[in-house]
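Enquirer: Here is how the chains run, residue by residue.
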Amino acid sequence: MALAEAFPAPPRASLRAQILPIGIFLALAILPLVAPATGVGYLVSLGARIMIFAIAAVALDLLLGYGGLISFGHAAFIGLGAYAVGILAAHGFTDMLIALPAALAISALYAFLTGIVCLRTKGVYFIMITLAFGQMVYFTASSLAPYGGDDGLTIAARSTLLGFPLLKNDRALYYVVLLCLLGSYLFCRALVASRFGRVLRGAKENAVRMETVGFDVYRFQLTGYVIAGALAGLSGFMLANATEFVSPAYMSWQRSGELIVMVLLGGLGTLNGAIIGTAAYLLTEEWLSGYTESWKVIFGPVLVLVVLFARGGLIGLASALTRRLGRG
Amino acid sequence: MSTTLLVVQTLNGLQLGVLLFLIAAGLTLVFGVMDFINLAHGVQYMLGAYLAVAFYGVTGSFVAALVLALAAALAFGLLLEFAVFRQLYDRDHLDHVMATFGIILFLNHGVKMIWGAAPLSLPMPEALSGSVRLADGLIYPVWRLVIIASGLIVAALLYVLVAHTRIGMLVRAGATNAAMVSALGVNIRRLFMIVFGFGTMLAGFAGIMIAPILSVDPGMGDTVLILAFVVIVIGGIGSIRGAFLAALLIGLVDTLGRSFAVDILRPIMGPSPARTVGPAVASMLIYLLMAVVLYLRPTGLFPAKGR
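Keeping their order, the protein sequence lines are chains A and B.
Position one of the first sequence corresponds to residue 1 (this note's numbering), numbered consecutively onward.
Position one of the second sequence corresponds to residue 1 (this note's numbering), numbered consecutively onward.
Just chain A, same shape as in the assembly (with noise of 0.2 Å):
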């Protein structure tokens, strides 16, 4: 049918295509590895941080670059997933088999109800909308005295698999967090290829034309908002483990502008640039913040001229670097 034709799928995986993403996933794999050999004792907990918000990255991606829809609150739902596992550490539930459905639970309950509203406005609405709901959490969790309030609270422990102490070890968790960015990926990927995924292009480019071709584009794009408000909850789930306290600051709008920005910074709508951005954005952070305390005053200029200069994300100016070397 028509969609097929106007949204093909991707040419079915050319090997060069997927250097990028092989190369990226089989990097994560080795860095514990090589780690203790280059001296930097915080490289598997940093290495693991990326991961995490490259999961929370890659679900806005699919959002972002294949919805069009800009979501501004996305950090809500990674707090979501980290107070589900922090609070339910708070009454003794610690076995990831509650903890992590809890999480993944709470933050798409979030994203179908915030969802069913904010999907009803369009543009600049839609992203005030995201952000007025993000902020709801933010003050939410700010107020809630039992748990912390402002200061946060401190999870005892790592979330347990049947009593048995899976994420104790950094560089476990490491791995299982890994593995969890790799499923994410994989599933992102795989739901931008299928039908589902062509509708939601579809609507990004024009949505009457959809809704005339017959699709119901409000109900396949709260489905997108849910899949990847579930996600980012995953994020966090994996976040309280890995930092072991959860905070109202893991959701404030800044946290919500960053996520977007990484996922702008390594190239919208590739899922392989979330990942990269995630990483630049993180490794930027880290590496700036050790000459100065006010390192952001050098990167917000270096945002801006990315925009003004370097469209697309690194990605972007990647494959026009290749380009034009491959023209001699």
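Please note that a few of the clues may not be correct.
[As the list claims (entries may be wrong)] Stretches of chain A that chain B covers, calculated by requiring three or more beta carbons in the stretch to come under 8 Å of a beta carbon on chain B:
1. 60-73
2. 102-111
3. 135-146
4. 251-257
5. 301-308
[Unchecked claim] Non-contacting residues of chain A with respect to chain B, defined by C-beta distances greater than 12 Å in every case (computed):
6. Q18
7. L20
8. I22
9. L33
10. A35
11. T94
12. T114
13. A132
14. G149
15. R219
16. E244
17. G290
18. E293
To be clear, the hints were calculated from the coordinates, so they are not data collected in a lab.
Since the model is a prediction, treat every value here as computed from it, not as a measurement.
Here a beta-carbon is modelled for each residue, glycine too, at the ideal position from N, C-alpha and C.
Knowing the structure of chain A, use the given hints to seat chain B on it.
Expert: For chain B alone, kept in the frame of chain A given last:
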């Protein structure tokens, strides 16, 4: 919940509403006329306050500081428009978000580098620093009344400007259909620049006026920015009238909610849970209000964009 407290909090709510209007007026025009998402509007408010503190340090006079800071805020806004925003009007919203987010990072941490992270304060003019007795047992600071009055004056001036002058007509036309205005031979870029500069100055003015009451610190623009967004979305993007009504509504709902949520909930759920749930409900109130408004009217109460 005495009447005195109710009156005082209502006045405080009005004052917050007027302040939000000063910020939201520029923001809603920039959104409506240029379809530009300016997250950096909040830091303009912050910058106004910092500039006023700096100029007060030099001149020692509040009025001189006010005038100089307004001029400097305007100049800085025009510089930003010229250097960055002008290149982005044709881009999509995501590019606006990222660029203006970069500007927020730069300015928030820039002022921290220059003036330090510790909160500063701006003394208010001596003559207006007292309190006035409005009724028996009802004393209210003069400066807050000054803020309310100046906000209402600005609102009236804006109304005349937008509804009864040629430039205002162009602004309204631009908010309805910018492409058509441009096709009719109006220099839309210059119109954009005027609107932008004016909006920046209003935000700066709000920052200066509130500085004697609040502390001037690097994050002060961020909270206010989100509230201003809520205001313009409820009011309808591009509509000054909508921004005014929504600003007063939000100011009142937020202030009264925060002061009375616990009292209202106490008889329903008992004192101890009320003390926990009350503040949470109070801080969620305006966002719930926004959700309800947008659910019923997805383009706000007074949408300017005609189709």
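Enquirer: Looking at the structure, which of the earlier hints fail to hold?
Expert: As far as the earlier hints go, 2, 12, 13, 14, 18 are violated by this structure, in ascending order.
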